[in-house]
Amino acid sequence: MGSITLKMQHPALYSEAGDVVRLFYGDTPLTLYREGDMEPEADVMIVQRARREGEGYLHEAVLTGPDRAPLTAAYCQQEMGEGTLEQKRYFKYGVKIVLYHLLTQATGKAMPWGSLTGIRPTKLAYELLAQGRSVQQAAQYLKDTFDVSREKADLLFQILKAQQGIVCHESFRQLDVYVGIPFCPSRCTYCSFAACDIRKNRKWVEPYLAALHHEIKVCGQMARQAGWQVRAVYLGGGTPTAISAQQLCALLEAVNLAFPGAAEVTVEAGRPDSIDRDKLRALRDAGVSRVSINPQTMNGETLMRMGRTHTPEQIVQAFALAREAGFEAINMDLIAGLPGESAQDMARTLRQIAALAPDNLTVHTLAMKRASKLKEEKGRYSLPSGEEVLKMLEAARAAAAEWGMEPYYLYRQKYMTGNFENIGYSLPGKACIYNIDIMEETHSILALGAGGISKWVYPAENRLERTPNVKNIEQYIARVDEMIARKEPRLCGTLLDRPETVIV
Numbered sequence: 228m229g230s231i232t233l234k235m236q237h238p239a240l241y242s243e244a245g246d247v248v249r250l251f252y253g254d255t256p257l258t259l260y261r262e263g264d265m266e267p268e269a270d271v272m273i274v275q276r277a278r279r280e281g282e283g284y285l286h287e288a289v290l291t292g293p294d295r296a297p298l299t300a301a302y303c304q305q306e307m308g309e310g311t312l313e314q315k316r317y318f319k320y321g322v323k324i325v326l327y328h329l330l331t332q333a334t335g336k337a338m339p340w341g342s343l344t345g346i347r348p349t350k351l352a353y354e355l356l357a358q359g360r361s362v363q364q365a366a367q368y369l370k371d372t373f374d375v376s377r378e379k380a381d382l383l384f385q386i387l388k389a390q391q392g393i394v395c396h397e398s399f400r401q402l403d404v405y406v407g408i409p410f411c412p413s414r415c416t417y418c419s420f421a422a423c424d425i426r427k428n429r430k431w432v433e434p435y436l437a438a439l440h441h442e443i444k445v446c447g448q449m450a451r452q453a454g455w456q457v458r459a460v461y462l463g464g465g466t467p468t469a470i471s472a473q474q475l476c477a478l479l480e481a482v483n484l485a486f487p488g489a490a491e492v493t494v495e496a497g498r499p500d501s502i503d504r505d506k507l508r509a510l511r512d513a514g515v516s517r518v519s520i521n522p523q524t525m526n527g528e529t530l531m532r533m534g535r536t537h538t539p540e541q542i543v544q545a546f547a548l549a550r551e552a553g554f555e556a557i558n559m560d561l562i563a564g565l566p567g568e569s570a571q572d573m574a575r576t577l578r579q580i581a582a583l584a585p586d587n588l589t590v591h592t593l594a595m596k597r598a599s600k601l602k603e604e605k606g607r608y609s610l611p612s613g614e615e616v617l618k619m620l621e622a623a624r625a626a627a628a629e630w631g632m633e634p635y636y637l638y639r640q641k642y643m644t645g646n647f648e649n650i651g652y653s654l655p656g657k658a659c660i661y662n663i664d665i666m667e668e669t670h671s672i673l674a675l676g677a678g679g680i681s682k683w684v685y686p687a688e689n690r691l692e693r694t695p696n697v698k699n700i701e702q703y704i705a706r707v708d709e710m711i712a713r714k715e716p717r718l719c720g721t722l723l724d725r726p727e728t729v730i731v
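The numbering of the sequence shown is this note's numbering, which starts it at 228 and goes up by one.
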């Protein structure tokens, strides 16, 4: 297929409609046709329209092409929610549902998550329960309304069960803190984060850390004065352990002074080639309770292909050092769908991981992110099919269950192979509070450092607001006081003055 044109009665929803189309047609060029444009020469034209019918809407979609009979789909939407924001959200659902029905008919394909393309399907599951539905009724609603598979619906409610006792219903003046270190030992081909190769940017490390220390100190003062209680702290990036042990010590000391009392402190020590005994000792001495050591795969050839400058043997060594240092909560990340890999590769990786006995396992599905080298050079790589990736994910799920783990958080991304998901598994009592909080959006997140995006939760209004820091390291250093000022109104309480209960 050469190209697709979307003709929409509601062009403001082009992005959401495009997400549904890409589930079925991937990277096929997609354009929006507006009234007054020249008649397109696309291979396929999809027309979306909707009209009022009673209290709801009748959604319609038509697909036409030069060598095929027109296909039509209709969806009668009666449930529209309450309030303007809710009604807009439900209308968006309707547009996506009718397009999904149309394209399922056109291709003969069904997607595991149906018409859902959002990052956080667990939030929808919580919402359905809050409306008074039982778990069985909510699961059936997901299947009947959004065409979510029974397997995925069951997974959602298994995760909600695992989150009981961790998801906090009262979020007033409770805060999570994210601290970003945008340096890595090298840049992975699949990465799109605002991180840089530390080997080429060492001159920026000290100036960056100086600016970050300033932001930590000032924001910590504001948070304490406003009465915020810190629930969890997360050092991510990038790779925080790419900096020296001395720099890590100083940074963690600043964080502990600024944000005391956190129940959990996690450091993303993701790259084994950035870990040594001194750094791990520094983390433990500073009160860090969790670390993440991320193989992604135990296939040495794949690691080289993906730009990771470490070996499988270094992964084993780093894990042993972390246990020796006293860490009792160690996560390991894997990626399903890496170029050149098969289900057999995943099985071999899982066998080697089993011998290490991690406390958490996070299994990502490869996402072809627009800012990644992998996306830019896609033609150079042989990617496994969606069917093969499904086998990898099923193998990981079976292994996690065999190790005594259960899924405890989930999120999705655009451009994921097979329209699957990322799942975090945990041994009993070892779930990461921060991961749950950021995915369920039950707590405000104060994000410090280049590329950090603070999120301020307004539960009573079912919305959140974002306060971004600039991504560029040089700009962050030069404008750190501006980044602090952006957060001050909310952090100091002038825009978050009332207690609100999170309904979950």
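In short, the hints are calculated from the structure, not lab data.
There may be inaccurate statements among the hints.
Claimed, not checked - In silico BS3-like pairs for lysine-lysine, Cα to Cα no more than 27 Å straight-line:
| id | residue 1 | residue 2 |
| --- | --- | --- |
| 1 | K234 | K430 |
| 2 | K336 | K657 |
| 3 | K234 | K319 |
| 4 | K388 | K602 |
| 5 | K682 | K596 |
| 6 | K657 | K682 |
| 7 | K698 | K336 |
| 8 | K388 | K336 |
| 9 | K350 | K600 |
| 10 | K618 | K641 |
| 11 | K600 | K315 |
| 12 | K682 | K427 |
| 13 | K618 | K602 |
| 14 | K444 | K605 |
| 15 | K427 | K698 |
| 16 | K427 | K600 |
| 17 | K698 | K444 |
| 18 | K319 | K641 |
| 19 | K682 | K319 |
| 20 | K682 | K388 |
| 21 | K618 | K596 |
| 22 | K605 | K641 |
| 23 | K596 | K319 |
| 24 | K682 | K605 |
| 25 | K641 | K682 |
| 26 | K444 | K600 |
| 27 | K350 | K336 |
| 28 | K602 | K698 |
| 29 | K388 | K370 |
| 30 | K350 | K596 |
| 31 | K370 | K315 |
| 32 | K602 | K657 |
| 33 | K641 | K596 |
| 34 | K600 | K618 |
| 35 | K600 | K641 |
| 36 | K444 | K596 |
| 37 | K350 | K370 |
Going through the hints against the structure:
1. A C-alpha spacing of about 51 Å is found between K234 and K430, which places the hinted pair above 27 Å, so the restraint is violated.
2. Proposed proximity of K336 and K657 is contradicted: the alpha carbons are some 38 Å apart, above 27 Å.
3. The suggested pairing of K234 with K319 holds, with an alpha-carbon distance near 16 Å, which does not exceed 27 Å.
4. Restraint check for K388 and K602: not satisfied, since their Cα atoms lie roughly 36 Å apart, outside the 27 Å limit.
5. Under the criterion of a C-alpha separation no larger than 27 Å, the hint pairing K682 with K596 is consistent with the structure, at around 22 Å.
6. This hinted pair checks out: K657 and K682 have alpha carbons roughly 25 Å apart, not beyond 27 Å.
7. Proposed proximity of K698 and K336 is contradicted: the alpha carbons are some 39 Å apart, above 27 Å.
8. A distance of roughly 31 Å separates the Cα atoms of K388 and K336; the hinted pair therefore is violated under the 27 Å criterion.
9. With a CA separation close to 32 Å, the supplied pair K350 and K600 exceeds the 27 Å bound.
10. This hinted pair checks out: K618 and K641 have alpha carbons roughly 20 Å apart, not beyond 27 Å.
11. At roughly 36 Å between alpha-carbon atoms, K600 and K315 are farther apart than 27 Å, so this suggested pair is violated.
12. The hinted pair formed by K682 and K427 fails the criterion: a straight-line CA distance of about 31 Å is larger than 27 Å.
13. Distance restraint check for K618 and K602: the Cα-Cα separation of roughly 23 Å lies within the 27 Å cut-off, and the hinted pair is therefore satisfied.
14. Between K444 and K605, the direct Cα distance comes to roughly 43 Å. Violation of the 27 Å bound is thereby established for this hinted pair.
15. Between K427 and K698 the alpha-carbon distance is near 17 Å, which keeps this suggested pair within the 27 Å criterion.
16. Between K427 and K600, the direct Cα distance comes to roughly 17 Å. Compliance with the 27 Å bound is thereby established for this hinted pair.
17. Between the alpha carbons of K698 and K444 the distance comes to roughly 20 Å, so the proposed pair stays at or under 27 Å and holds.
18. At roughly 17 Å between alpha-carbon atoms, K319 and K641 fall within 27 Å of each other, so this suggested pair holds.
19. In summary, the hint linking K682 to K319 is supported, as the alpha carbons are separated by about 23 Å, within the 27 Å threshold.
20. Distance check on the hinted pair: K682 and K388 sit about 25 Å apart at the alpha-carbon level, within 27 Å; holds.
21. Using a Cα cut-off of 27 Å, the hinted pair K618 and K596 holds, with the two alpha carbons roughly 22 Å apart.
22. Straight-line distance between C-alpha atoms of K605 and K641 comes to about 16 Å, which keeps the hinted pair within the 27 Å bound.
23. As the CA atoms of K596 and K319 are separated by approximately 24 Å, the hinted pair is consistent with the 27 Å bound.
24. For the proposed pair K682 and K605, the alpha carbon gap of about 33 Å is over 27 Å, so the pair is violated.
25. For the given pair, K641 sits about 20 Å from K682 by alpha-carbon distance, which is consistent with the 27 Å threshold.
26. For the proposed pair K444 and K600, the alpha carbon gap of about 36 Å is over 27 Å, so the pair is violated.
27. A C-alpha spacing of about 26 Å is found between K350 and K336, which places the hinted pair at or below 27 Å, so the restraint holds.
28. In summary, the hint linking K602 to K698 is supported, as the alpha carbons are separated by about 20 Å, within the 27 Å threshold.
29. Simply put, K388 and K370 have alpha-carbon atoms about 19 Å apart, close enough for the 27 Å limit, and the pair holds.
30. Taking the CA atoms of K350 and K596, the gap is about 24 Å. The hint holds against a cut of 27 Å.
31. Among the hinted pairs, K370 with K315 is consistent with the structure: their alpha-carbon atoms are about 22 Å apart, no more than 27 Å.
32. The suggested pairing of K602 with K657 is violated, with an alpha-carbon distance near 35 Å, which exceeds 27 Å.
33. This hinted pair checks out: K641 and K596 have alpha carbons roughly 8 Å apart, not beyond 27 Å.
34. Among the hinted pairs, K600 with K618 is consistent with the structure: their alpha-carbon atoms are about 26 Å apart, no more than 27 Å.
35. Among the hinted pairs, K600 with K641 is consistent with the structure: their alpha-carbon atoms are about 16 Å apart, no more than 27 Å.
36. With a C-alpha separation of about 34 Å, the suggested pairing of K444 with K596 is violated against the 27 Å cut-off.
37. Among the hinted pairs, K350 with K370 is consistent with the structure: their alpha-carbon atoms are about 16 Å apart, no more than 27 Å.
In summary, the numbered hints that this structure violates are 1, 2, 4, 7, 8, 9, 11, 12, 14, 24, 26, 32 and 36.
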